[in-house]
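These are the residues of each chain, in order.
2 protein chains.
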Amino acid sequence: MSRNPLYFDDLQVGDTFQTATHALDTEQIKAFAQQFDPQPFHLDEAAARDSMFGSLAASGWHTAAITMRLLVTSGPPLANGIIGAGGDIEWKAPTRPGDVLQVHSEVVALTPSRSRPDRGMVVLRSNTLNQRGEVVQTLNAKLMVARRAA
Amino acid sequence: MSRNPLYFDDLQVGDTFQTATHALDTEQIKAFAQQFDPQPFHLDEAAARDSMFGSLAASGWHTAAITMRLLVTSGPPLANGIIGAGGDIEWKAPTRPGDVLQVHSEVVALTPSRSRPDRGMVVLRSNTLNQRGEVVQTLNAKLMVARRAA
Chain D
1 MSRNPLYFDD
11 LQVGDTFQTA
21 THALDTEQIK
31 AFAQQFDPQP
41 FHLDEAAARD
51 SMFGSLAASG
61 WHTAAITMRL
71 LVTSGPPLAN
81 GIIGAGGDIE
91 WKAPTRPGDV
101 LQVHSEVVAL
111 TPSRSRPDRG
121 MVVLRSNTLN
131 QRGEVVQTLN
141 AKLMVARRAA
Chain P
151 MSRNPLYFDD
161 LQVGDTFQTA
171 THALDTEQIK
181 AFAQQFDPQP
191 FHLDEAAARD
201 SMFGSLAASG
211 WHTAAITMRL
221 LVTSGPPLAN
231 GIIGAGGDIE
241 WKAPTRPGDV
251 LQVHSEVVAL
261 TPSRSRPDRG
271 MVVLRSNTLN
281 QRGEVVQTLN
291 AKLMVARRAA
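These protein sequence lines map, in sequence, to chains D and P. The opening position of the first sequence corresponds to residue 1 in our numbering, with each subsequent residue numbered one higher. The opening position of the second sequence corresponds to residue 151 in our numbering, with each subsequent residue numbered one higher.
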C-alpha cells in the first residue's frame, strides 16, 4: 500500500480515510482495565451484568487507545505523525468482547497557524465503528500538521 | 481512608477532589506506545529529539489513561463508578519520563436527567499536573452519576 506522507497543504475539507480493523476480546478488555480503569464492569462479567452496561464492556479509554492505534498504523499518513493538541470525544455505545473496530475519518476543518508558518491545525472527525456499522465513539481531534516547506 | 460512596445528590458545583500520584517512566511510555500509539517520538529517544516534542514524550492517550486510573483509584468515590459519556480533552504540555502525575478535579456542572430519574450528568473538570505543578492535561468529562433512591 502506498503511504505517501501528507502535509497540511495536501489536505482538503471533506477528505476521508478508512483504517484497517481491530478485533477486541475479553482478555484485552480486562488487561487494559486492570492497568488503567479497574472498575468491576470492565473486569468481571457478573459485576457488569449488575451495572449500567449490562454485560462486560471495554473502558472508553481503551476504545480511544485502539482508535489511536488504528489511525497511526493505517489512517492518514501525516508527514510529521498524528500529534493531537486535544479534542472532544463521545462514547455512543459500549464496546464488547468480539467487537471488530474500524475507524472512518474525515477532515472537517483546516486552519493555518498564524504564529507558526511551518504548521497548521487540522480537525479530523473519526468515527469508530463496530462490525455492525454502529458508531461506538466519535472523536473530533485537533491535529498539528506540518506544512510543506515553501 | 474513608471512601463513602457519593451520589449525584451529594455533589455540589465547586466540590474538589485530589488523587494520589503516579510516577511515569520510560518503560511505561514505550510499552503504552508500542501497543496503542507506535510513533517514533513515543518509542525512541533519538527520533523524539528530531520531532516537535524535542525529547521522549508519552502518548496523550497514555496521559489520559493514567488520569483515569488515578480518578478510579483515588478520585471521587462515585456510587456507580466513574462512567463517562464523553468530554473534551486538551494536552497542554508533554508528559516525560520521570514525571509524577496527580489529578485535581472540580465539579463544574450538575444536570439531573429528564428522561432517567435515577441518574444525573456531572461535568467534572480534571487537571492532570506534573511534579512542578504544570497542567499537562485538562479533561472536562461528562459523567453519569446515580441518584439516591427517592
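No lab work stands behind these hints: they were computed from the structure. Note that this is a predicted model, so its numbers are computed, not measured. Some hints could be false.
To be verified - Partner residues are not named here, just some residues of chain P that face chain D (Cβ under 7 Å, in silico):
| # | residue |
| --- | --- |
| 1 | Glu177 |
| 2 | Ala181 |
| 3 | Gln184 |
| 4 | Phe186 |
| 5 | Pro188 |
| 6 | Gly210 |
| 7 | Gly231 |
| 8 | Gly236 |
| 9 | Trp241 |
| 10 | Ala243 |
| 11 | Glu284 |
Stated by the list, open to error - Restraint ranges, calculated between C-beta atoms of paired labels, are given here:
| # | chain 1 | residue 1 | chain 2 | residue 2 | range |
| --- | --- | --- | --- | --- | --- |
| 12 | P | Ala229 | D | Ala149 | 53 to 59 Å |
| 13 | D | Glu106 | P | Leu260 | 20 to 26 Å |
| 14 | P | Pro155 | D | Asp9 | 52 to 58 Å |
| 15 | D | Glu106 | P | Asp175 | 24 to 30 Å |
| 16 | P | Arg282 | D | Pro38 | 35 to 41 Å |
| 17 | D | Asp9 | P | Ala181 | 23 to 29 Å |
| 18 | D | Gln28 | P | Ala259 | 32 to 38 Å |
All residues carry an ideal CB built from backbone N, CA and C; glycine is no exception.
Going down the list of hints, with the structure as the test:
1. Glu177: violated, 13 Å
2. Ala181: Interface hint status for Ala181 (chain P): violated (10 Å vs cutoff 7 Å).
3. Gln184: violated, 10 Å
4. Phe186: Constraint on Phe186 (chain P) satisfied, holds at 4 Å.
5. Pro188: Pro188 (chain P) check passes; min Cβ-Cβ to chain D is 6 Å, inside 7 Å.
6. Gly210: holds, 6 Å
7. Gly231: holds, 5 Å
8. Gly236: Because about 4 Å separates Gly236 (chain P) from the closest Cβ in chain D, which is inside the 7 Å limit, the hint holds.
9. Trp241: Cβ of Trp241 (chain P) sits 6 Å from chain D, so the hint holds.
10. Ala243: Since the shortest Cβ distance to chain D is 11 Å, the answer is violated.
11. Glu284: violated, 16 Å
12. P:Ala229 to D:Ala149: 53 to 59 Å: holds, 56 Å
13. D:Glu106 to P:Leu260: 20 to 26 Å: Between Glu106 (chain D) and Leu260 (chain P), where Cβ atoms are some 34 Å apart, the hint is violated.
14. P:Pro155 to D:Asp9: 52 to 58 Å: At 53 Å between Cβs, range holds.
15. D:Glu106 to P:Asp175: 24 to 30 Å: Violated, at about 37 Å.
16. P:Arg282 to D:Pro38: 35 to 41 Å: Between Arg282 (chain P) and Pro38 (chain D), where Cβ atoms are some 28 Å apart, the hint is violated.
17. D:Asp9 to P:Ala181: 23 to 29 Å: Cβ of Asp9 (chain D) to Cβ of Ala181 (chain P): about 35 Å, so the range 23 to 29 Å is violated.
18. D:Gln28 to P:Ala259: 32 to 38 Å: holds, 33 Å
This entry does not satisfy hints 1, 2, 3, 10, 11, 13, 15, 16, 17, going by the numbered hints stated previously.
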